[in-house]
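Peer 1: In case you want the letters, here they are:
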Amino acid sequence: GQNIDQPTEMTATEGAIVQINCTYQTSGFNGLFWYQQHAGEAPTFLSYNVLDGLEEKGRFSSFLSRSKGYSYLLLKELQMKDSASYLCAVTSVSGGYNKLIFGAGTRLAVHP
Amino acid sequence: SQTIHQWPATLVQPVGSPLSLECTVEGTSNPNLYWYRQAAGRGLQLLFYSVGIGQISSEVPQNLSASRPQDRQFILSSKKLLLSDSGFYLCAWAQGHQETQYFGPGTRLLVL
Numbered sequence: 305g306q307n308i309d310q311p312t313e314m315t316a317t318e319g320a321i322v323q324i325n326c327t328y329q330t331s332g333f334n335g336l337f338w339y340q341q342h343a344g345e346a347p348t349f350l351s352y353n354v355l356d357g358l359e360e361k362g363r364f365s366s367f368l369s370r371s372k373g374y375s376y377l378l379l380k381e382l383q384m385k386d387s388a389s390y391l392c393a394v395t396s397v398s399g400g401y402n403k404l405i406f407g408a409g410t411r412l413a414v415h416p
Numbered sequence: 516s517q518t519i520h521q522w523p524a525t526l527v528q529p530v531g532s533p534l535s536l537e538c539t540v541e542g543t544s545n546p547n548l549y550w551y552r553q554a555a556g557r558g559l560q561l562l563f564y565s566v567g568i569g570q571i572s573s574e575v576p577q578n579l580s581a582s583r584p585q586d587r588q589f590i591l592s593s594k595k596l597l598l599s600d601s602g603f604y605l606c607a608w609a610q611g612h613q614e615t616q617y618f619g620p621g622t623r624l625l626v627l
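These protein sequence lines are chains A and B, in that order. To get our numbering, take the position in the first sequence, counting from 1, and add 304. To get our numbering, take the position in the second sequence, counting from 1, and add 515.
Because the hints were derived from the structure by calculation, they are not lab data. Predicted, not measured: the structure shown is a model, and the values here were computed from it. Every residue, glycine too, gets a C-beta built ideally from N, C-alpha and C. Hints may be right or wrong, so weigh each one.
As the list claims (entries may be wrong) - Selected chain B positions facing chain A (Cβ under 8 Å, derived; list incomplete): (1) 557; (2) 561; (3) 562; (4) 566; (5) 616; (6) 620.
Claimed, not checked - Label pairs and their in silico Cβ distance ranges: (7) B:527 with A:359: 27 to 33 Å; (8) B:572 with A:349: 32 to 38 Å; (9) A:372 with B:530: 22 to 28 Å; (10) B:599 with A:320: 19 to 25 Å.
Stated by the list, open to error - Beyond 10 Å from chain B on every Cβ pair, some chain A residues (computed): (11) 311; (12) 317; (13) 345; (14) 348; (15) 371; (16) 374; (17) 413.
The whole structure should be built from the sequences, with the hints applied where relevant.
Peer 2: This is how it looks when you write it as C-alpha cells:
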C-alpha cells in the first residue's frame, strides 16, 4: 500500500530553524514534492527531490533518502508569513502515469 | 506564463442539487489536468486526472464525474450532491506526468 506520515502540528519561533519530517511507503516511487498551503488557499510548489541529498532554495531546503523512505523540509530564519501547512507528496507510477499521493500536512505556527 | 483559473470560488448548494465546477488553463497546450478534494483538516485526495481531450481516469468511486471537452478545460460535475461532497476542490495542471503540478485557487463547496 501507500502511506505518508508527517507530524500534524509544529510550533517555532520567529528567526529560528524548523525541520518538518516526512516518511513514506509507496510502490513505483518517482520523486517527492513539498508544497506550502496557507489557510484557505491553494497549495504552492516549494521543492522537488528525485535523487538522494539536499536541495537548497533560499531559506528552504529539502532532503531525500530513498533507501530510508524519508524526507525533510528545513526552514531557516523563520518569518511570521511561514505559518502555513506544509504538504509532503510522493509520486507513484500507476497505470503508466505518475500520480501524486499527499500526506495530511503539517501545520506550522510561527510565534514572535 | 501559465495561469490556471477555477470558478466559482465558493458555492453553497442543497443536497440533491447538481454541480458543475470549471477549471481552465492558459499559456500551455496539452497539459495533464487533475481534480483533487481536500476535506477539512485532511490531505488532498486525487479524484480524476486527464492526459488529453475526452480522456478521464477516475481514482475513487464516488458521486462525481469529470469531463474534458477542450484541451485546457476540465469540468467536475455531479447529478445529485451529497452532504459528504462538501470540501475544497482543487484543479491542478502539469506539463507531462512527471512534472510539477500547479494548483488553481480552488472552489470551496458547502452542501447543506
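Peer 1: Please settle this one: residue 413 of chain A was flagged as non-interface, so is its CB more than 10 Å from every CB on chain B?
Peer 2: holds (15 Å)
Peer 1: At 10 Å, judged by beta carbons, does residue 374 of chain A keep clear of chain B as stated?
Peer 2: Given a closest Cβ separation of 18 Å, the condition holds.
Peer 1: Hint check: is the beta carbon of residue 566 of chain B less than 8 Å from a beta carbon of chain A?
Peer 2: holds (7 Å)
Peer 1: Is it correct that the beta-carbon of residue 371 of chain A has no partner in chain B closer than or equal to 10 Å?
Peer 2: Holds, because the least Cβ-Cβ distance between residue 371 of chain A and chain B comes to about 21 Å, which exceeds 10 Å.
Peer 1: Taking the least C-beta to C-beta distance, is residue 620 of chain B closer than 8 Å to chain A?
Peer 2: Holds. Min distance 5 Å.
Peer 1: Starting from the range 32 to 38 Å, see whether the pair residue 572 of chain B and residue 349 of chain A falls in it by beta-carbon distance.
Peer 2: With Cβ atoms ~23 Å apart, the hint is violated.
Peer 1: Could you check that no beta carbon of chain B comes within 10 Å of the beta carbon of residue 317 of chain A?
Peer 2: Correct as stated: the minimum Cβ-Cβ distance to chain B is 25 Å, above 10 Å.
Peer 1: For the restraint on residue 557 of chain B, tell me whether the closest CB of chain A is nearer than 8 Å.
Peer 2: Cβ of residue 557 of chain B sits 6 Å from chain A, so the hint holds.
Peer 1: Say whether it holds or is violated: residue 345 of chain A keeps its Cβ farther than 10 Å from all Cβ of chain B.
Peer 2: violated (7 Å)
Peer 1: Does the CB of residue 562 of chain B sit less than 8 Å away from some CB of chain A?
Peer 2: Result: violated, 12 Å to nearest chain A Cβ.
Peer 1: Quick check on a hinted range of 27 to 33 Å for residue 527 of chain B and residue 359 of chain A, using CB atoms only.
Peer 2: The hinted range 27 to 33 Å is violated for residue 527 of chain B and residue 359 of chain A, with Cβ atoms some 42 Å apart.
Peer 1: Tell me if residue 561 of chain B is really an interface residue toward chain A, meaning its C-beta lies closer than 8 Å to one of theirs.
Peer 2: holds (6 Å)
In this structure, the hints that do not hold are numbers 3, 7, 8, 9, 10, 13, 14, in rising order.
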